[in-house]
Each structure stands twice: as structure tokens, then as C-alpha cells.
Amino acid sequence: MGKVIVVTSGKGGVGKTTSTAALGAALAQRNERVVVVDFDVGLRNLDLVMGAERRVVYDLINVIQGEAKLSQALIRDKRLETLFLLPASQTRDKDNLTPEGVERVINELKRVFDWVICDSPAGIESGATLAMRHADVAVVVTNPEVSSVRDSDRIIGLLDAKTLKAERGERMEKHLLLTRYDSNRAERGDMLKVDDVLEILSIPLLGIIPESMDVLRASNIGSPVTLADARCAPAMAYFDAARRLAGESVPITVPNEKRGIFDKIFGRKAA
Amino acid sequence: MTKVLTDARSIRIKGRSFLAVVLSPDLPVEDWLTRLDDLASRSAGFFLGRPVVLDVNDLDIGKADLKELVAQLSQRNVSIMGIEGARPSLLGPGMPPALKGGRPVSDEAIAKEPVIELRNSEAEVKPAPVEVRPTLQSLVISEPVRSGQSVIFPEGDVTVIGSVASGAEIIAGGSVHIYGALRGRAMAGSLGNATARIFCRKLEAELVAIDGIYKMAEDMAENLRGQPVQCWLDGDSIIAEILT
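In order, the protein sequence lines correspond to chains V and R.
As numbered in the numbering used here, residues 4 to 274 make up the first sequence, in order.
As numbered in the numbering used here, residues 635 to 878 make up the second sequence, in order.
Bound conformation, chain V alone (with noise of 0.2 angstroms):
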């Protein structure tokens, strides 16, 4: 059986949706067979940040609404055997998930797949509840910043309270993962530090991925980052926190942007 992650924030526009894109292209690096799941109906992502914008046909809604089979759904990544996107609907109402279909479509996943990843949508509504329900572990986005952190604390509790798991008593594994951190910005006290928000959050961290422009480009070319330059900065602390989702220990780094020459003759005290 494999294991069900939910890639969640509250807020939005923190990195969700690339980091689903690029954990889920990082495992399957390490073939393993892995699919991504957007649970954002109705303003759906994934698939554009994955390159596969063309190629839907069916979505997570027509699988649920039994006018697909989840074969006929599934699409598979051209650079990526291992890779598997199913895409959320983008005409559709979100009242279209429920929750008896999306435990359906979950269990028929976990069969198949070493990895499920799940994409919440931002918010606590139902799609955000729904995308968490059935996961065995929860990746946490967080940007260093404090509403941000506020938003993520109140995922937290939703997720001892509102999953299957805590249903049945059970703890749920949570992990944070900080995105767009710029250590520079927290030396200089513009963001919050890693320390401050693990303080403040108090689950293990998963890594930390640097503010880069490398993902911006990513995703615009429509490649998950850690395909698009498997050496870049963000990329390769990806690949860190996938390896630490699959069990390996793997050390925090704390990630520094490289700088240009001048900057490491000149700009030393400056930073």
C-alpha cells in the first residue's frame, strides 16, 4: 500500500502546488511510482506547473462522478515513467468532491502507486478538509513570514482533528516544509528565522527551500524544479526533503543564495 501525503498551507500563494510538483518529481527520480492529485477544483494548477496543461481529458471530478475510470484520468509524465498527474477540474463547482468519492479514488491510488500527493487548495473550507482526510502524512508550506505561520498553525490543528487518522486516535505525521527563505532577509530581520518558526509551529522540519528564481522559471516552462535544473539551489533541497519524506536522515541545511564574485569579495558585511 502506498503512502498518501497531503501538501497543505491554509494560505495560498506559499508554494503548495510547486512543492507538490516537485516532491512528487523528486521521488519518482528515485523510481518510485508516485502520483500528484489537485484537489483545487475549479482553479486548478498542477497541471500547468507539471507541463501537462494539454494533455487533460478527464479530471479528479469525472473519476468521482464514475463518467471516467481513473485509468482513462491519469496522465503520465513525458519525461518521467514513474510520474502520474491527475488533474482537478477547472469548470467544475468544488461541491462536486465528495467525500465518499474522494475515498474511493484515494483507496483505488494507494493500491498503485508507492506515493500519493495530494495538492490542497488554500483555505479550510471542504476542498482543503477533503484533500487532508485520508493522507498518512502532511507536508506543512511555510513562508517566513507571520501570517503565514499563523495559517499554517491553524492547518495543524485541523489536521489532529479533522483526518481519518486523528478520527481514529491516531497521531498524524506532520512535517514543514519553509519555502522562499532568504537567509539574508532573516539576518536582517525582514522574515522570520527558521528558529522563530519551528518555535512557533513545533513539528519537524522537512527542509528548507530558498527564495530562487530558478522556480519561478520552472514553472513557466512548465517543469517541476527539480526536473527543470536538478542542481539548482531549491532543487536540490527538494530532493533532500524527498529523501527525508522516504525515511533517510539527511541533515538541515540551512540554504544560503550563491553569490556572484563581487558579492563574496564586497558584500560580506553588507549581508
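In case anyone wonders, no lab produced these hints; they're calculated from the structure.
The C-beta atom is built at its ideal place from N, Cα and C for all residues, glycine as well.
Wrong hints could be hidden among the right ones.
Stated by the list, open to error - Subject to a maximum C-alpha distance of 25 angstroms in a straight line, what follows is the list of computed SDA-like cross-link-like pairs (lysine to any residue):
#1 R/Lys836 <-> V/Ala189
#2 V/Lys165 <-> R/Val785
#3 R/Lys697 <-> R/Ile645
#4 V/Lys168 <-> R/Glu777
#5 R/Lys836 <-> V/Glu202
#6 V/Lys196 <-> R/Thr878
#7 V/Lys165 <-> V/Val105
#8 V/Lys165 <-> R/Gly696
#9 R/Lys734 <-> R/Gly696
#10 R/Lys836 <-> V/Asp199
#11 R/Lys701 <-> R/Ile714
#12 V/Lys165 <-> R/Lys701
#13 R/Lys836 <-> V/Ser150
#14 R/Lys697 <-> R/Ser675
#15 V/Lys196 <-> R/Val785
#16 R/Lys734 <-> R/Ser784
#17 V/Lys165 <-> R/Pro862
#18 V/Lys6 <-> V/Asn110
#19 V/Lys196 <-> R/Ser658
#20 V/Lys72 <-> V/Gly45
#21 V/Lys196 <-> R/Pro862
#22 R/Lys836 <-> V/Arg191
#23 V/Lys196 <-> R/Glu838
#24 R/Lys697 <-> R/Ile795
#25 V/Lys196 <-> R/Glu777
#26 R/Lys836 <-> V/Asp193
#27 V/Lys165 <-> R/Ile775
#28 V/Lys168 <-> V/Glu106
#29 V/Lys81 <-> V/Arg57
#30 R/Lys836 <-> V/Val149
#31 R/Lys849 <-> R/Ile786
#32 V/Lys196 <-> R/Lys734
#33 V/Lys72 <-> V/Asn110
#34 V/Lys168 <-> R/Ile795
#35 R/Lys734 <-> R/Asn691
#36 R/Lys734 <-> R/Glu803
#37 V/Lys113 <-> V/Ala55
Said to hold, decoys possible - Here are the in silico distance ranges between beta carbons for each label pair:
#38 R/Arg859 <-> V/Val253: 32 to 40 angstroms
#39 R/Pro731 <-> V/Thr94: 45 to 53 angstroms
#40 V/Gly15 <-> R/Lys701: 53 to 61 angstroms
Dock chain R against the given chain V, drawing on the hints supplied.
Here is chain R on its own, set in the frame of chain V:
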């Protein structure tokens, strides 16, 4: 027009629970009133000065009849403080307000007063079924209280082993102990207990309140931020001091 507040004293807002006697009339009302008169004649003054709630849940009664019933009761010096289980259409101006959320209590709680006479005619005033509840004096939470969560424990003290997040709240009848950072709200002595205190390992609270007196973040001294602090009530003001 802007009103100028000349008095800087804050207004106390408190919760308090009272024990009310619940009367559940049955039909026909006239017969029930006769039996009530009979009870009253045997235990004079039982209803005098007592808060009485009228439970009309099982009573099929119209608005006019209900009004008449309330009037009849008030003639007998039974003043109704609230009506439970009534449809909103039954109530209106001049009628007692609707009440809900009542919890049954054991009849021991009322037993100090002339309940013995009541026993003769159980049909009139039904003693609520005895509910066996363990007497909880303290609630211990061993994980962080997250934003949006609300812990309400009027029965006694609340201890949190972990932090209370911004946007979370703890409401305790007794004291509040937080072994972690207090970033949300803590209200101690919520049912009127001026001796309750608030303790935390790191004060970053949005609000602290004891016995209805509250203090907002900006009213707290700057040197207390981030420190281990205890708060208590001295008269009408909250005193906060660093725990040493």
C-alpha cells in the same frame, strides 16, 4: 458626535452560573395549576425569590395560552426568568426570554433547601435524573493549542504543556498554566474567581483576563514581553510580574 469617555475604569463582563428550578407544566394547564397550588400551600414560599425556568418542550401550547400561564404563575409569586424549548414565534416582547443549553444537575444541589416537601408530589417538579459526573478539577493538555482552537474549562484549572498560538484561547474557571509561549488569549477565573492566576513561560499574549478584568497586549509593560510571567488580580487591575 463623539462621546468622550471620562471614566477610565473598564467594564466587567463575567460569566456566572445559577441554579434554576425548572417547571414543566402539562396539559390541561388548569389542572396543573391546581396541583401547583396544592404544592405551594404545603411548602409556603418555595418559589419566592427563586429563579424559575419554564420548560415547554413537551407542551403543545399557543402564544396566548403561554402568556396566560406566565401571568397565572406570576400571580402565585412564581416569576419566570426564562422559557426553555419554546418556538421563537411563541415568545415576544413582554415575555420572558428564551433559554437553552441547560444542563441537568443532581438533586443534591438543591437539597439544601426544602426539597423534602417536593418529594410528596413528584409529578409537579420533576427532579432531574442524577447525572454521574466525575469531579474534574484540572485539565492537562500535553500538546500545543493551535490557532483557532478554543479550550473552555469552567470546572477548574487548565495546564498546557506547550504553547498557545496566536488566535487560540484558553478559558478556565480556575487558573491557567502554560509551559510554553502564550501568544493567544488566556482567561482565568471565567466564572468569577478573583483569586485565579495566569502563568506562562513566555508572554506574548494578545489578551489576558482574570475574573472579567482584561488587559490587551498594548497595555502590558514592554519589559514583560517574551518573559516568564504571572498575572493576578489586585482589586480591579491585573498585575503582571516576571516569574523568578
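Hints, verified against the model:
The straight-line distance between the Cα atoms of lysine 836 of chain R and alanine 189 of chain V is roughly 22 angstroms, inside the 25 angstroms bound, and the hint therefore holds. For the suggested pair lysine 165 of chain V and valine 785 of chain R, the alpha carbons sit about 17 angstroms apart, so the restraint of at most 25 angstroms is met. Distance check on the hinted pair: lysine 697 of chain R and isoleucine 645 of chain R sit about 37 angstroms apart at the alpha-carbon level, beyond 25 angstroms; violated. Of the supplied pair hints, the one linking lysine 168 of chain V and glutamate 777 of chain R holds, its CA atoms being roughly 17 angstroms apart against a limit of 25 angstroms.
Taking the CA atoms of lysine 836 of chain R and glutamate 202 of chain V, the gap is about 12 angstroms. The hint holds against a cut of 25 angstroms. Distance restraint check for lysine 196 of chain V and threonine 878 of chain R: the Cα-Cα separation of roughly 28 angstroms exceeds the 25 angstroms cut-off, and the hinted pair is therefore not satisfied. For the hint pairing lysine 165 of chain V with valine 105 of chain V, the CA-to-CA distance comes to about 15 angstroms; that is within 25 angstroms, so the pair holds. Restraint check: the Cα-Cα separation between lysine 165 of chain V and glycine 696 of chain R comes to about 43 angstroms, which exceeds 25 angstroms; the hinted pair is violated.
For the suggested pair lysine 734 of chain R and glycine 696 of chain R, the alpha carbons sit about 20 angstroms apart, so the restraint of at most 25 angstroms is met. For a cut-off of 25 angstroms, the pair hint linking lysine 836 of chain R to aspartate 199 of chain V stands: about 13 angstroms separates their Cα positions. For the hint linking lysine 701 of chain R to isoleucine 714 of chain R, the alpha-carbon distance of about 11 angstroms falls within 25 angstroms, and the restraint holds. Annotation: proposed proximity of lysine 165 of chain V to lysine 701 of chain R is violated, straight-line Cα distance about 46 angstroms (limit 25 angstroms).
Restraint check for lysine 836 of chain R and serine 150 of chain V: the C-alpha separation of about 20 angstroms stays at or below 25 angstroms, so the hint holds. Between lysine 697 of chain R and serine 675 of chain R the alpha-carbon distance is near 29 angstroms, which puts this suggested pair outside the 25 angstroms criterion. Of the pairs offered as hints, the one joining lysine 196 of chain V and valine 785 of chain R is violated, with about 29 angstroms between alpha carbons and a cut-off of 25 angstroms exceeded. Proposed proximity of lysine 734 of chain R and serine 784 of chain R is supported: the alpha carbons are some 21 angstroms apart, at most 25 angstroms.
For the given pair, lysine 165 of chain V sits about 33 angstroms from proline 862 of chain R by alpha-carbon distance, which is inconsistent with the 25 angstroms threshold. Straight-line distance between C-alpha atoms of lysine 6 of chain V and asparagine 110 of chain V comes to about 10 angstroms, which keeps the hinted pair within the 25 angstroms bound. Of the pairs offered as hints, the one joining lysine 196 of chain V and serine 658 of chain R is violated, with about 62 angstroms between alpha carbons and a cut-off of 25 angstroms exceeded. Between lysine 72 of chain V and glycine 45 of chain V the alpha-carbon distance is near 21 angstroms, which keeps this suggested pair within the 25 angstroms criterion.
For the hint linking lysine 196 of chain V to proline 862 of chain R, the alpha-carbon distance of about 22 angstroms falls within 25 angstroms, and the restraint holds. In summary, the hint linking lysine 836 of chain R to arginine 191 of chain V is supported, as the alpha carbons are separated by about 24 angstroms, within the 25 angstroms threshold. At roughly 17 angstroms between alpha-carbon atoms, lysine 196 of chain V and glutamate 838 of chain R fall within 25 angstroms of each other, so this suggested pair holds. At most 25 angstroms may separate the alpha-carbon atoms for a hinted pair to count; lysine 697 of chain R and isoleucine 795 of chain R exceed this at roughly 53 angstroms.
Taken as a hint, the lysine 196 of chain V and glutamate 777 of chain R pair is honoured in the structure, with Cα atoms around 23 angstroms apart against an allowance of 25 angstroms. With a CA separation close to 23 angstroms, the supplied pair lysine 836 of chain R and aspartate 193 of chain V stays within the 25 angstroms bound. In summary, the hint linking lysine 165 of chain V to isoleucine 775 of chain R is supported, as the alpha carbons are separated by about 18 angstroms, within the 25 angstroms threshold. Our distance criterion of 25 angstroms between C-alpha atoms is met by lysine 168 of chain V and glutamate 106 of chain V, whose separation comes to about 13 angstroms.
For the hint linking lysine 81 of chain V to arginine 57 of chain V, the alpha-carbon distance of about 12 angstroms falls within 25 angstroms, and the restraint holds. Only pairs whose Cα atoms come within 25 angstroms are accepted, and lysine 836 of chain R paired with valine 149 of chain V is accepted, the gap being roughly 18 angstroms. For the hint linking lysine 849 of chain R to isoleucine 786 of chain R, the alpha-carbon distance of about 19 angstroms falls within 25 angstroms, and the restraint holds. Restraint check for lysine 196 of chain V and lysine 734 of chain R: the C-alpha separation of about 48 angstroms exceeds 25 angstroms, so the hint is violated.
Under the criterion of a C-alpha separation no larger than 25 angstroms, the hint pairing lysine 72 of chain V with asparagine 110 of chain V is consistent with the structure, at around 14 angstroms. About 23 angstroms separates the Cα atoms of lysine 168 of chain V and isoleucine 795 of chain R, which keeps this hinted pair within 25 angstroms; it holds. Using a Cα cut-off of 25 angstroms, the hinted pair lysine 734 of chain R and asparagine 691 of chain R holds, with the two alpha carbons roughly 11 angstroms apart. Between lysine 734 of chain R and glutamate 803 of chain R the CA atoms are separated by roughly 24 angstroms; this keeps the pair inside 25 angstroms, and the hint holds.
For the given pair, lysine 113 of chain V sits about 22 angstroms from alanine 55 of chain V by alpha-carbon distance, which is consistent with the 25 angstroms threshold. The supplied range of 32 to 40 angstroms is met by arginine 859 of chain R and valine 253 of chain V, whose beta-carbon atoms lie about 36 angstroms from each other. As the Cβ distance of proline 731 of chain R to threonine 94 of chain V is approximately 49 angstroms, the hint placing it in 45 to 53 angstroms holds. A hinted range of 53 to 61 angstroms holds for the C-beta pair glycine 15 of chain V and lysine 701 of chain R, which are about 54 angstroms apart.
The structure is inconsistent with the numbered hints 3, 6, 8, 12, 14, 15, 17, 19, 24 and 32, although it conforms to all the rest.
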